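Asker: Given next are the chains, with one letter for each unit.
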Amino acid sequence: MMRHTKRHVKDQSLLGIVSLVSLFGILILILIFGYVFKNGAALVSWDLLTNDYYAEVYNSYYDGSLNDTEYVRPNNLSNDAYFSSRWGVAFTDDIDQEGHAVIRIVYVDPDSPLTRLLDKNTEGQTVVITAEQLLDKVIFTGNVILYSMDGAEKAAIKFDAATGIRDMLTSTEGKGIRGSIITTFLLIIMTLFIAIPFGVFTAVYLHEFAPKKSKLVFTFRRLIEMLSGMPSIIFGLLGAAVFIPFTTVFTSADGGNLISGALTLSVIVLPTIISSTEEALTVVPDEFRLASLALGANKTQTTFKVVLRGAIPGILTGTLLAIGRIIGESAALIYAVGTAIKDEIILTERSTSLAVHIWSIMSGEVPNFELASAISLIILAVVLILSLIVKIIARKYAIDPSMRG
Amino acid sequence: MMQINKGRKHRTRSEMKQLIDRLTYAGLFIPALISASIVLFIVFFIAKQGVSPFLPSQYGALSVDIVSFFTGMIWFQTPNVYGIFFIVINTVYIVILASLIAIPIAVVSALFIVKIAPKQIGLVLSTAVELLSAVPSIVFGVFGLGVITGWITDIATFFGTQTAGGISTAATVLVLAMMIFPTICIMSITAIKSVDINLEKNSLALGASRMQTYFKITLSAAKSGIFAGIILGIGRAFGEATAVSMVAGNAGSGPTFDLFTTTRTLTSTMLLGLKETVGLDYDIRFSVGIVLIGIIILTNLILNYAKKQVGRYA
Numbered sequence: 001m002m003r004h005t006k007r008h009v010k011d012q013s014l015l016g017i018v019s020l021v022s023l024f025g026i027l028i029l030i031l032i033f034g035y036v037f038k039n040g041a042a043l044v045s046w047d048l049l050t051n052d053y054y055a056e057v058y059n060s061y062y063d064g065s066l067n068d069t070e071y072v073r074p075n076n077l078s079n080d081a082y083f084s085s086r087w088g089v090a091f092t093d094d095i096d097q098e099g100h101a102v103i104r105i106v107y108v109d110p111d112s113p114l115t116r117l118l119d120k121n122t123e124g125q126t127v128v129i130t131a132e133q134l135l136d137k138v139i140f141t142g143n144v145i146l147y148s149m150d151g152a153e154k155a156a157i158k159f160d161a162a163t164g165i166r167d168m169l170t171s172t173e174g175k176g177i178r179g180s181i182i183t184t185f186l187l188i189i190m191t192l193f194i195a196i197p198f199g200v201f202t203a204v205y206l207h208e209f210a211p212k213k214s215k216l217v218f219t220f221r222r223l224i225e226m227l228s229g230m231p232s233i234i235f236g237l238l239g240a241a242v243f244i245p246f247t248t249v250f251t252s253a254d255g256g257n258l259i260s261g262a263l264t265l266s267v268i269v270l271p272t273i274i275s276s277t278e279e280a281l282t283v284v285p286d287e288f289r290l291a292s293l294a295l296g297a298n299k300t301q302t303t304f305k306v307v308l309r310g311a312i313p314g315i316l317t318g319t320l321l322a323i324g325r326i327i328g329e330s331a332a333l334i335y336a337v338g339t340a341i342k343d344e345i346i347l348t349e350r351s352t353s354l355a356v357h358i359w360s361i362m363s364g365e366v367p368n369f370e371l372a373s374a375i376s377l378i379i380l381a382v383v384l385i386l387s388l389i390v391k392i393i394a395r396k397y398a399i400d401p402s403m404r405g
Numbered sequence: 001m002m003q004i005n006k007g008r009k010h011r012t013r014s015e016m017k018q019l020i021d022r023l024t025y026a027g028l029f030i031p032a033l034i035s036a037s038i039v040l041f042i043v044f045f046i047a048k049q050g051v052s053p054f055l056p057s058q059y060g061a062l063s064v065d066i067v068s069f070f071t072g073m074i075w076f077q078t079p080n081v082y083g084i085f086f087i088v089i090n091t092v093y094i095v096i097l098a099s100l101i102a103i104p105i106a107v108v109s110a111l112f113i114v115k116i117a118p119k120q121i122g123l124v125l126s127t128a129v130e131l132l133s134a135v136p137s138i139v140f141g142v143f144g145l146g147v148i149t150g151w152i153t154d155i156a157t158f159f160g161t162q163t164a165g166g167i168s169t170a171a172t173v174l175v176l177a178m179m180i181f182p183t184i185c186i187m188s189i190t191a192i193k194s195v196d197i198n199l200e201k202n203s204l205a206l207g208a209s210r211m212q213t214y215f216k217i218t219l220s221a222a223k224s225g226i227f228a229g230i231i232l233g234i235g236r237a238f239g240e241a242t243a244v245s246m247v248a249g250n251a252g253s254g255p256t257f258d259l260f261t262t263t264r265t266l267t268s269t270m271l272l273g274l275k276e277t278v279g280l281d282y283d284i285r286f287s288v289g290i291v292l293i294g295i296i297i298l299t300n301l302i303l304n305y306a307k308k309q310v311g312r313y314a
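Here the protein sequences come in this chain order: Z and B. Mapping of the first sequence onto this note's numbering: position 100 corresponds to residue 100, and the numbering continues sequentially without gaps. Mapping of the second sequence onto this note's numbering: position 35 corresponds to residue 35, and the numbering continues sequentially without gaps.
To be clear, the hints were calculated from the coordinates, so they are not data collected in a lab. Hints are not guaranteed to be accurate.
Stated by the list, open to error - A few chain Z residues facing chain B, derived, Cβ under 7 Å: (1) Leu29; (2) Ile32; (3) Ile196; (4) Phe198; (5) Phe209; (6) Lys213; (7) Gly229; (8) Ile233; (9) Ala294; (10) Asn298; (11) Ser330; (12) Phe369; (13) Ala372; (14) Ser387; (15) Ile389.
From a predicted model like this one, the values you see are computed outputs, not experimental measurements. Ideal Cβ placement from N, Cα and C applies to all residues, glycine included.
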């Protein structure tokens, strides 16, 4: 009896320890999400997604005279906007990414003198002030100065009182990730365009056409298996050693570029697509093949019209997993493309995907945790939604998700 | 006459079909051949560029001495001093520590998810593990730099030492452990699920307690699958680059066994300070890449051998 109780206590305490330890996974997931959300959620906005990364600063002055015309406040202007009828421009108060108060230009009349400003830095160049720019500092004729912390209301008043502009500093906002989003999309599209045909054809060859149990097929499988075990930084070296020289020969590129990046990513996702497709081909019943062949279709017709149709869920799963991998990939792209953040995306030049964008802003002198967390939040949301969809597809079509590469 | 014609026509059609099949075969063989041979390409081209730092024909007086490369304990002090030995030791040390943390937690979690937890809780936990496995390396890096380095700083202060802002061996080990945990856990779940239930029933019938059965019978029956997961996880730990580079630091010499000082791994050596894309400092990263591939293959061979030995006593 004594022994029995002792054993029971031991068993129960072990159970307690096991249960506690098992919370590790979900705890880490919550911590990561919590951290990224706490630091980044405030930053995620439409502006973040659509703005350029680099702020552009304009330094200008007004040379001409003012007409006597009073500009009319447009009807669609929101109530918190302050309008200067003398200059035909409207401002609102806003807060930038670092939380500082700024004056945002929300409307410029098409005939406003502000559309005919001259550049202070380059002789004869005009500067066009447009909506969405920030007003940093203005020195009016008569040395009246307007600072950005004065607020939108004061700005409109000072503009109405002014007869000329000696010096005006405006800027675009910057710190946006539009370029990196475009780059990520381009990389996904190009990579899938290369990897899906290669992966699906390879899977079809291995599963449908290759002689069963031949030594060659065995070797092929082992080599592809080895490929899936390679760390991503090694693929980066492949991109740097093979694909960058390759693309510089055939295109106008002179270094890392998006095409070499897509080629590298194709190699990375290839094993995933092959194994997902093969997994799905295994699920297609043999009766389908036999029935098709018995009806007089040849092997080609049978494979492409009957068997592959049944494998579509598997190909879709592979594609979604591949997209997740492409979005999250960083080490390989650092080598195969580069780490220079760009606003203007050109296929034959460097630019960053969202993940490499994080790497770039984190490896500088002062890491930008807020922006990094915001981008991480976006990446996490997309990747986690993708893997949930994969799980649903897998459950619906009975494909084993543990097969993924 | 008619019949012969008809027969001929028929034959050509089936000949056509056969021809198409043969063309399809060729058309599918070529992508398969390319897919399979990429891995050979990788090894060849990385080796080709990785050997160049040692060739006097390439770098003249600046070429790196291959013996001191493999035995050296200092990385990049003077123009061509590159010693990788301490980096290998650091990397192996970190991977061993990370595995020691991750493996028990992963296996126990898998056991809990499959055997002990109520179905709903098991589903929540296993979904969490799967989602964790989908978290990209760079996000672990941000988390590591933003949170884990903070923990390490606190722990170091508690022990009365200082760290370089938490960037240390300990932070690297923790980040790696978190990253390989889901891999091992998912594979263990699959392995434990496929254990024959009768084994457990027999054990229980013989008077063993529930926990005794799980730890002694279930786990030992699933050990082959669990071992496969461990091999995969350790392979991943060696190759993990981005997150490790963000928390490892940039130590110039070593080896470092102190948990609270900065370190340097093979992958962080390849990734950190990458600026120029020509020259010795760039090419030497390919040499490090060869060493990394070599270590991963070697570890795989050793662990697979161990797996076979363990499997013998099932």
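Asker: All hints, please: hold or fail.
Answerer: Here's how the hints hold up against the structure:
Interface hint at Z/Leu29: satisfied, since its Cβ lies 5 Å from the closest Cβ of chain B, which is below the 7 Å cut-off. This hint holds: Z/Ile32 has a C-beta 5 Å from the nearest C-beta of chain B, less than the 7 Å allowed. A least Cβ separation of about 11 Å between Z/Ile196 and chain B goes past the 7 Å threshold, and the interface hint is therefore violated. Contact between Z/Phe198 and chain B, as hinted, is supported at the beta carbon level, the nearest pair being about 5 Å apart and thus within 7 Å.
Satisfaction of the interface hint for Z/Phe209 is found here, the shortest Cβ-Cβ separation to chain B being roughly 5 Å, below the 7 Å cut-off. Hint status for Z/Lys213 relative to chain B: violated, with the closest Cβ pair at about 16 Å, above 7 Å. Interface restraint check for Z/Gly229: the shortest CB-CB distance to chain B comes to about 6 Å, inside 7 Å, so the restraint holds. For the restraint placing Z/Ile233 at the interface with chain B, the shortest Cβ-Cβ distance is roughly 4 Å, inside the 7 Å limit, so the hint holds.
At a threshold of 7 Å, the smallest CB-CB gap from Z/Ala294 to chain B is about 14 Å, leaving the interface hint violated. The beta carbon of Z/Asn298 is positioned within 7 Å of a beta carbon in chain B (closest approach about 4 Å), and the interface hint is therefore held. Given hint, Z/Ser330 at the interface with chain B, holds; its Cβ is 4 Å from that chain's nearest Cβ, closer than 7 Å. With a cut of 7 Å, the hint placing Z/Phe369 at the interface with chain B holds, because the nearest CB-to-CB distance is about 6 Å.
Checking Z/Ala372 against chain B: minimum C-beta separation of about 5 Å stays under 7 Å; hint holds. The restraint placing Z/Ser387 at the interface with chain B holds, with a minimum CB-CB distance near 4 Å, inside the 7 Å limit. The closest approach between the C-beta of Z/Ile389 and any C-beta of chain B is roughly 11 Å, which is over the 7 Å cut-off, so the hint fails.
Hints 3, 6, 9 and 15, counting from the list given before, are not met by this structure.
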